[in-house]
Structures are given as C-alpha cells and as structure tokens.
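Q: The lines below spell out each chain.
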Amino acid sequence: MINATNVHKFFYTPDKLHALRGVSLSVAPAEVVVIIGPSGSGKSTFLRCLNRLEYADEGSILIEGRDILDPDCEINEVRAEVGMVFQSFNLFPHLTVLENLTLAQQTVRKRGKAEAEKKGMELLRKVGIAEKHGVYPDQLSGGQQQRVAIARALAMDPKAMLFDEPTSALDPEMVGEVLDVMKNLAREGMTMVVVTHEMGFAREVADRVVFMDQGSILEVGSPDKFFTAPEHERTKLFLSQIL
Amino acid sequence: MTQYRGLDKPKGRSFFLFWKAMFVAAMLALVAFFWVASSSVEYIWRWNRVPQYFWVNEAADVRAEAEGDVTIIDRQGNEQRVVVRDASGEEHTHMLPGEGKVLVSSGDFAYRGDVLGRYQLNKPGILLEGLWVTLEVSVLAIIGGIVIGVVTGLCRISINPMLRWGAIAYIEIIRGSPLLVQIFLWYFVVGTLINALLEHVGLGGISPLWYGVMALALFTGAYVAEIVRAGIQSVHRGQMEAARSLGMSYAQAMRKVILPQAFRRIMPPLAGQFISLIKDSSLLGVIAIRELTKATREVVTTSLQPFELWIVCAVLYLVLTFTLSLFVQYLERRAIR
Numbered sequence: 001m002i003n004a005t006n007v008h009k010f011f012y013t014p015d016k017l018h019a020l021r022g023v024s025l026s027v028a029p030a031e032v033v034v035i036i037g038p039s040g041s042g043k044s045t046f047l048r049c050l051n052r053l054e055y056a057d058e059g060s061i062l063i064e065g066r067d068i069l070d071p072d073c074e075i076n077e078v079r080a081e082v083g084m085v086f087q088s089f090n091l092f093p094h095l096t097v098l099e100n101l102t103l104a105q106q107t108v109r110k111r112g113k114a115e116a117e118k119k120g121m122e123l124l125r126k127v128g129i130a131e132k133h134g135v136y137p138d139q140l141s142g143g144q145q146q147r148v149a150i151a152r153a154l155a156m157d158p159k160a161m162l163f164d165e166p167t168s169a170l171d172p173e174m175v176g177e178v179l180d181v182m183k184n185l186a187r188e189g190m191t192m193v194v195v196t197h198e199m200g201f202a203r204e205v206a207d208r209v210v211f212m213d214q215g216s217i218l219e220v221g222s223p224d225k226f227f228t229a230p231e232h233e234r235t236k237l238f239l240s241q242i243l
Numbered sequence: 001m002t003q004y005r006g007l008d009k010p011k012g013r014s015f016f017l018f019w020k021a022m023f024v025a026a027m028l029a030l031v032a033f034f035w036v037a038s039s040s041v042e043y044i045w046r047w048n049r050v051p052q053y054f055w056v057n058e059a060a061d062v063r064a065e066a067e068g069d070v071t072i073i074d075r076q077g078n079e080q081r082v083v084v085r086d087a088s089g090e091e092h093t094h095m096l097p098g099e100g101k102v103l104v105s106s107g108d109f110a111y112r113g114d115v116l117g118r119y120q121l122n123k124p125g126i127l128l129e130g131l132w133v134t135l136e137v138s139v140l141a142i143i144g145g146i147v148i149g150v151v152t153g154l155c156r157i158s159i160n161p162m163l164r165w166g167a168i169a170y171i172e173i174i175r176g177s178p179l180l181v182q183i184f185l186w187y188f189v190v191g192t193l194i195n196a197l198l199e200h201v202g203l204g205g206i207s208p209l210w211y212g213v214m215a216l217a218l219f220t221g222a223y224v225a226e227i228v229r230a231g232i233q234s235v236h237r238g239q240m241e242a243a244r245s246l247g248m249s250y251a252q253a254m255r256k257v258i259l260p261q262a263f264r265r266i267m268p269p270l271a272g273q274f275i276s277l278i279k280d281s282s283l284l285g286v287i288a289i290r291e292l293t294k295a296t297r298e299v300v301t302t303s304l305q306p307f308e309l310w311i312v313c314a315v316l317y318l319v320l321t322f323t324l325s326l327f328v329q330y331l332e333r334r335a336i337r
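Protein sequences, first through last, are from chains A and B.
Going by the UniProt record's numbering, the first sequence opens with residue 1, and the numbers climb by one from there.
Going by the UniProt record's numbering, the second sequence opens with residue 1, and the numbers climb by one from there.
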C-alpha cells in the first residue's frame with residue numbers, strides 16, 4: 001500500500017536542518033501503524049511526505065505502486081486516494097459542514113450535488129454529527145470539528161488515511177470522541193498511519209508502533225512488545241517520560 | 001464600537017453627553033465660518049440658480065439661417081420641417097421637435113434670425129450629465145481594476161519568475177508615478193498611436209473616455225493587486241494544504257477555498273480603494289472627458305456662482321462614495337463569516 005524507502009528531507013529556512021535521515025516504512029493494506037516520538041523527531045514531516053505536502057529530497061515513496069516523487073506523477077489523483085487529517089482541523093470556515101464534505105467530491109470526484117450530499121450525510125451520521133450539517137465550522141466544538149474533518153477525508157473514498165496528531169489541539173474531554181471514530185475506522189479495515197501522543201490508542205488499535213527520534217526510525221514493533229519490552233535505550237527513556 | 005472597551009474604567013453618561021454636544025457645536029462653528037467668510041467677501045448666494053444645471057426646462061427658439069421665403073412646412077417622422085428658400089434659390093432646412101410650435105406659415109418672408117418656431121427644451125442639465133459620466137467611468141474602471149488586480153495579485157505570488165517579476169514591475173511603475181501623468185501618457189501617447197493605427201486600417205478612433213477608463217483601471221489594478229495578495233497570504237496555509245490533500249488542483253483550491261475567504265477580508269481596503277478611484281476620476285477632465293468636476297468648472301465660468309456649485313459638486317461626489325461605502329458594508333454584513 002505505502003512503501004517509503006530511505007527518505008531524506010532537508011529544510012533550509014531558517015537554518016539548514018536534516019529533518020529525515022533515511023526513513024523506510026512499509027504499510028500493508030488494512031494495517032494501522034502508529035508513529036510516536038518526541039517533538040522535532042520528524043514524525044509529522046514524514047507523514048506529510050507520504051502525500052507530498054512536503055516533497056522528500058531523496059529516497060522513494062510508492063503509494064499503491066505509484067512513485068509520488070516522480071515529476072510526471074499525477075499527485076492530485078494520489079492525494080484523492082489518501083485522506084489526511086490535520087492537528088488544526090483546517091475545515092473550510094466559509095462553507096457549512098455539509099459543504100465541507102461535498103466540495104472535493106464535486107470538484108475532484110466529479111460527483112453530482114445530490115450524490116455528494118447523500119454521501120456526505122451518510123458520513124456525518126457515521127461520525128455522529130448529522131444534525132449539525134447546516135452550521136458553520138466555528139459553531140462546533142473542537143472534537144466535532146475534527147470528526148467533520150475525518151468525514152471530509154472519508155468522503156473521497158480514500159484507500160488510506162493519514163492522521164497528523166489529530167487529538168493534540170483538543171480539550172481533554174473531547175479526545176475520546178475523536179479516538180472512537182478512528183477506532184471504528186480501524187476496525188472496518190482502513191489502512192491508517194497515525195502520528196499521535198495517545199499511547200492508549202496505540203496500544204489498543206495499532207498493528208505496529210514506530211518510534212522516531214532525530215529524523216530516524218529507532219524501533220518498530222507490535223504494541224505489546226513495544227510498550228512492555230522496548231529494545232532501544234532512547235525508547236525506554238521516552239516511554240518513562242510520558243507514561 | 002471601540003476595540004478596547006472594558007480595558008479602562010467605564011465612562012459615565014455625562015461624558016458622552018458632553019462630547020456629543022461638543023460635536024454639534026463644532027459643526028455649527030463650521031457653518032458659521034462659511035457664513036462669515038462668504039459675507040466678508042460680499043458674496044451673494046443664489047441657490048435658486050443651481051437647479052437649472054441639473055435639469056434644463058426652458059423655451060428654445062429655432063431661427064432662420066437665411067433670408068427668403070418660407071416654402072415648405074411639413075412633418076418628417078417625429079420632427080417638423082421648415083424650409084426657407086433664399087434669393088439665389090438655395091433651400092435651407094430647419095428642424096424642430098414634433099411637439100414644438102411653428103410660428104410662420106407658408107409664403108411668409110423671413111429675415112435672417114427671425115424666429116421660425118419655438119419648443120420646450122426638457123433634458124438633463126450639464127451637472128447631471130457630468131455625474132453620469134463620472135459614474136460610468138468609475139463603474140467601468142472598478143470592474144477593470146478588480147479583474148486586473150486579481151490576476152496581477154495571483155501572478156505576484158506565483159513561483160514563475162516571468163509572472164512574478166512582471167507583476168512587481170507593473171505594480172511599482174504604476175504606484176510610483178502620478179495618476180495625472182499616467183492619464184496624459186494614455187491619452188496623448190498611447191491614444192495617438194492606437195487611433196493612428198485604427199485610422200490606418202480604416203476604423204474610427206477610440207473616444208477619450210475609454211483611454212480614461214483604461215488609465216484608471218490600470219492605476220487601481222496595481223493597488224488592488226497588493227490588497228488581493230495580502231488577502232490571499234492572510235488565509236492560513238492549512239487551508240491550502242487541506243484543499244490540496246483532498247486532491248484539488250492549485251486552481252480549484254484557489255477558486256473554491258482561498259479566494260472566497262480572502263475576499264471577505266479584503267472588502268474594507270477594497271472599498272477604500274474604489275472610493276479613491278471615484279474621486280480620482282475628477283482628473284479625467286484634463287483629457288476632455290466632461291465628468292462631474294469638469295462640468296462644474298464649465299458651469300462656474302458661465303454662472304459665476306463658484307461657492308454654490310463647488311459645494312454641490314462635493315456633495316454629489318459624497319453621494320457616490322457614501323453609496324459605495326454603504327453597499328460594501330452591506331456585503332460585509334451578509335458575508336460575516
């Protein structure tokens with residue numbers, strides 16, 4: 001499904017920074033991979049490289065066999081197949097909740113208005129906020145906004161979903177409702193790559209946990225092994241700090 | 001409402017009453033100043049002479065252009081015709097509107113300058129015509145300015161050096177030279193060239209009005225471009241990322257997500273720019289476009305009532321700009337999000 005090999009990424013402003021130092025990761029269909037690590041470890045950068053919101057400087061990234069670093073790659077087609085959920089929701093504030101869900105369906109998937117709205121309502125029911133379909137995003141709580149954002153990504157019928165710290169900007173009491181939606185999604189067999197600090201979620205849902213530090217993957221393992229018997233010293237230190 | 005209400009001790013009622021009274025007093029003082037100033041130069045106010053420049057309603061005469069016999073009086077469509085044949089047998093045709101009154105009959109002898117007929121003239125006066133021209137020029141230039149501004153604003157943030165440098169060069173050149181000079185350049189340099197070319201291929205020239213509109217639209221476009229650029233850049237980059245991550249192209253994301261949000265934010269500065277444009281259109285008098293200011297100047301030279309007419313002129317501009325400002329406020333309220 002997702003095949004990243006030896007990915008390097010440099011940032012040049014404000015200073016030169018080697019953000020990813022040869023990251024390799026494969027994600028199988030229906031697999032849930034959770035990436036954890038301290039801030040500045042490059043986990044978000046790596047996630048953003050997977051749908052080319054950041055252009056990786058070296059290495060190769062294949063999404064369903066398509067090389068997204070190839071200049072001829074139709075990146076818009078690939079992105080439509082890979083949903084993305086952001087830390088800050090990034091809902092379109094000038095559109096209603098339902099319009100947020102239908103916009104890309106109509107412009108990218110070329111669906112008719114009625115079909116897009118039907119699909120949109122279906123997904124809003126699924127994430128539990130169908131009754132809010134006519135309001136604008138700023139009238140929703142953070143948790144509701146993030147659920148709309150997940151529904152917006154799902155409306156494109158993606159084959160995989162990327163989550164970039166989806167609960168970090170939420171008030172504590174709203175984290176649960178968003179995680180529940182994500183757990184359901186995992187249970188339904190969605191391929192997911194999740195960057196998060198929610199260790200409970202990682203333990204419960206992840207098939208594999210990836211630990212990143214300073215631009216490299218230090219350890220990959222099943223949640224059981226990862227949380228009970230980490231191999232790497234840096235992993236042990238990190239886990240002792242947050243658990 | 002002030003922005004920082006509540007940061008200081010609340011003001012009492014007497015505070016507001018006092019300063020409201022001061023405002024009224026200041027206004028009255030202003031009026032008094034005008035009155036004293038005008039009486040000290042012994043100016044005689046004649047407001048009753050102003051309406052005729054808004055709407056003309058007066059009797060007009062048709063006079064004989066030659067000396068001779070009235071030979072034909074008949075109707076030609078909507079008009080009446082009076083033909084005078086002079087001594088050499090040449091016929092002079094005089095027309096007057098259908099509802100006018102012919103005062104001679106066939107066979108009469110008319111001297112040059114005799115009144116042949118009389119009719120009631122009923123049409124917009126020169127000030128109203130000037131106001132209309134100002135409105136027309138402003139609306140056309142605003143539409144042109146928006147189109148040029150949005151395109152240039154998008155070019156300004158493009159990664160394509162040709163587009164970006166082109167936009168920067170255009171904006172800097174336009175903003176760095178006086179509008180009056182630009183109007184002269186458009187009319188006397190570009191206008192002469194284009195009209196000569198058109199004549200060469202057998203077409204009629206373009207009227208000064210269009211050169212004026214072009215000058216104003218290009219002038220405003222440069223400012224609108226910077227406003228649009230700032231508006232686009234004020235939209236959080238996460239919006240573009242979200243739109244692109246859904247598979248939308250740059251153009252789709254710009255049109256459906258970024259620009260609608262940017263436009264709501266740039267409404268107030270745009271309104272300011274277009275109010276400037278309406279006022280700047282007063283410069284177009286220099287290339288023989290008879291807009292409101294030029295019309296007023298012409299009336300002043302004939303009527304010798306400069307105080308009333310310049311006040312009227314200012315009020316008419318105020319009507320235009322205030323209407324625009326109200327319209328934009330309405331749009332803003334409607335698109336509050």
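No wet-lab data here; the hints were simulated from the structure.
Being a predicted model, the structure only gives us computed values, none of them experimental.
Treat the hints with care, since some could be wrong.
Said to hold, decoys possible - In silico lysine-lysine, DSSO-like type, Cα no more than 27 Å apart, as pairs:
{"#": "1", "chain 1": "B", "residue 1": "K256", "chain 2": "A", "residue 2": "K118"}
{"#": "2", "chain 1": "A", "residue 1": "K113", "chain 2": "A", "residue 2": "K126"}
{"#": "3", "chain 1": "A", "residue 1": "K126", "chain 2": "A", "residue 2": "K110"}
{"#": "4", "chain 1": "A", "residue 1": "K110", "chain 2": "A", "residue 2": "K132"}
{"#": "5", "chain 1": "B", "residue 1": "K256", "chain 2": "A", "residue 2": "K159"}
{"#": "6", "chain 1": "A", "residue 1": "K113", "chain 2": "B", "residue 2": "K256"}
{"#": "7", "chain 1": "B", "residue 1": "K279", "chain 2": "B", "residue 2": "K256"}
{"#": "8", "chain 1": "A", "residue 1": "K126", "chain 2": "A", "residue 2": "K159"}
{"#": "9", "chain 1": "A", "residue 1": "K118", "chain 2": "A", "residue 2": "K159"}
{"#": "10", "chain 1": "B", "residue 1": "K256", "chain 2": "A", "residue 2": "K132"}
{"#": "11", "chain 1": "A", "residue 1": "K119", "chain 2": "B", "residue 2": "K256"}
{"#": "12", "chain 1": "B", "residue 1": "K256", "chain 2": "A", "residue 2": "K110"}
Q: Of the numbered hints stated earlier in the document, which are not met by this structure?
A: As far as the earlier hints go, only 7 is violated by this structure.
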